[in-house]
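*Asks:* The residues making up each chain are set out below.
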Amino acid sequence: MALFQSYESGGAVLIGSYVNHTMMQTFTPALQHELTSVQLYVRRFGTITDVIVSIYTTTGGLPTGNALVSKTIDGSGWSDSDNVWAVWTFDTQITLAVGTQYAIVIEPGSYNNSNCPLWYYDATGAYTGGSSGIADPTWRTLAYDMYFREYGDRASQPVDKTYSKELIAIGNDEVWYESTAGTMNELDDANGKINTDNLLNATIAFQKLFIVNGTNLKIADFANTKIETDDIKDEAANATSYPFRGTVVTGAGGAEMIIDYITAIDDAAVIYGKKTNDTAFVDGELVSGINSDDTVVKFDIKSGTTETAPTIPHWYDWTVYGNSTIYGAMPVRANEVCNFMGCLMLAGDPNYPHQWYMSRQFNPFDWLYTQDDAQSAVAGNDADAGEVGDIIKVNIPYKDDFVVHACASTLWYMTGHPCTGGTIVELDLTTGILGDRAFCWDDVGNLYIVCTVGLLRIPPGFGQPENLTIELWPDFITDLAFNAASHRITLAFNPEDRGIHIFKTTLADGTSSAWWYDLRTGGLFPDSYSTDHGVFSAVYYQSEDPLYRKLLFGCNDGYIRFADRTAKNDDSTEINSYVGFAPLALSTHPRKDGIIKNIDIVSGGGASDGTYQSDSSNVLCSVHVARTAEQIIEKLRSSTAAAFTKTFTAPGYQKGNIDRRQIRGQWGGIVLSNNVVDESWSMERLIVDTKEMGRSL
Amino acid sequence: MDLLFPAKGYHKGLGAEKQPVGTTSYIQNMRVIDIQDNRFRGGQRPGLQKAYAQQRIGGASIPIIWLGFITVVD
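Protein sequences, first through last, are from chains Y and V.
Following our numbering, the numbering of the first sequence begins with 727 at its first residue and continues without gaps.
Following our numbering, the numbering of the second sequence begins with 4 at its first residue and continues without gaps.
Treat the hints with care, since some could be wrong.
[What the hints assert, rightly or not] With the Cβ distance kept under 10 Å, some of the chain Y side facing chain V (calculated, not the full set):
1) I1196
2) S1254
3) I1413
[What the hints assert, rightly or not] Pairs of lysine-lysine, DSBU-like flavour, derived with a Cα cap of 30 Å:
4) Y:K1323 <-> V:K53
5) Y:K1323 <-> V:K21
6) Y:K1417 <-> V:K21
7) Y:K1001 <-> Y:K1028
8) Y:K797 <-> Y:K887
9) V:K53 <-> Y:K887
10) V:K15 <-> Y:K1417
11) V:K15 <-> Y:K1372
12) Y:K1417 <-> V:K11
13) Y:K944 <-> V:K53
14) Y:K1001 <-> Y:K887
15) V:K15 <-> Y:K1318
16) Y:K919 <-> Y:K1028
17) V:K11 <-> Y:K1372
Because the hints were derived from the structure by calculation, they are not lab data.
Yeah, the Cβ is synthetic: ideal placement off N, Cα and C, and Gly gets one too.
Sequences and hints are given; from them, build the entire structure.
*Replies:* And the structure:
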């Protein structure tokens, strides 16, 4: 809401609005807008209750006709000695045109000159868009200007947005989509048509969701309008062909559609296409068009049917165009799908595990491999590039340049389209990917894969892969204990926090192990989540609504979650967070002990409940000592009772916080932690005094 | 000793007595950037919260196995 017209200067006088003494002020909008409210500078004279303000059009600068809109408010509480800006917010909005003069009127009601609203005005009348006036009883203008403010919203505004984004989630044999920002609806037609107990993958292309789930090859179509016919090639109406993909067909009433997909090339068929005008196809209407080869298309809209817009996405089987072998044949089964160069690439047919298949470029319904052109559908056994010798677990496209065939034991990549000289090159013959979700890209083109030797970073252009975990954690893969039969690995790049989430989730119950790889520091940070929060899927949702523009996780309990920077809990469960400063050498001599004393912590935050710095919660400090460094690690990992503990009060530096207890040992370990619901902590530094002592005890 | 948060995270690649500077062998649910003030100093990780709190996909405690988003012309 914005202020459009107003006048509030030079005033010194009040005037009442009552029977035969009705006051008004005209104004002229400089911008078209919807009027939402007016504010008038008024006070009470005597006793008043309802005060009605109306907006009128004007003729000759005077109110005319019926009120365009009115609003009543209670004026009984106004001061009778001081002016107030009283607000009339209209229940309905009217559009005010540019350059048209309107009048604000305080209706007289049954008030008189002893009990009435008083309106403040400027006797010099400097407002250029109108003037005040009085009906006593006939309207006439006055040389004054009343104090007023007029608020509204722009009735028209530039439109930048021409598309919408919708989140899609799949679980429990169901497909859900975001109907409006923040609201997920089930796509009822898909219920039970997929089996989420089996391997399922999906990709987005051409405003459709393509799902592969074994023999369930499905499409959720968010863009096309659906019509039906009893005969797609109506020879009786002189048709010589079914409509080709891309043919424009027109209904007798003028409705127009670009054909995208048909379920049959003769007899009864369902037709999906992109409408190009607002005229609807209607029951029984003749539809006609001319194909690219000049054949004639004629068919009638099926009796009793009309067009169905994609208000709710259409759900149908993904087949070749018209279910006709003219357009080849799709694999009977697939478990992997991606969009590479505008071609839908399939893999994962258990009968042909080394095989990859690509649709015709920009046509997901053409799978005829024998066409000899640059955009033809193609499969591994029909191309010079050939099949991949290993079992393909996932195909990972990288822009239009490459697609990585990530296999069980090897990594390969295809460069370019196989029909224009594309080849398959080995990337790494010593390692394979752990799972079909065990990869992600960052925002500078690096590919990250959790493979059989660790977390690999593959630089843009496929330089030498770098093993990120081999030095940090040589036993990463061993400790990971990944079993493809019972676990899923999911990687997700978080562009906001510049890092990679790695989740290993047990398929049976959601038990998870998780890590955060921080790209800023190259550090690996273990996380823990409850089984409910076990992550099975993830996407960075580039929503138009900033509330939902974030990295989203599909969790074990059917909820979509995100890492909330304002949240101190996982839902309502505390987060057990800790960091160990260990092992700390307490002595410089290998045979001597040292002591730890005077421990102090500077936690995050300026002052308790301060205005500018957010405050850390209190921090538990646990102190351990041992004869060897490894004993310290053993104590920490086995949760051995600490030599002593202290809860340090936060935030910041707290006088009197210092713990002056002393403890002797050759090696020390200090753990800072918090495991309290609704608490979160941060630290600036840990200060510890040590002193070398005599020979080790 | 003036000890700062181990910004290079978990490390167990060297001998226990040779823990590299800026690393730790004992850490969980921590981030380099704290969530309270977005400072590079160390703090507890952000909590996981429901993004679409009213909707449980599939209507039951069953995993969400795939997430994505589509862009559609208005």
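*Asks:* What hints, given by number in increasing order, does this structure fail?
*Replies:* As far as the earlier hints go, 4 and 8 are violated by this structure, in ascending order.
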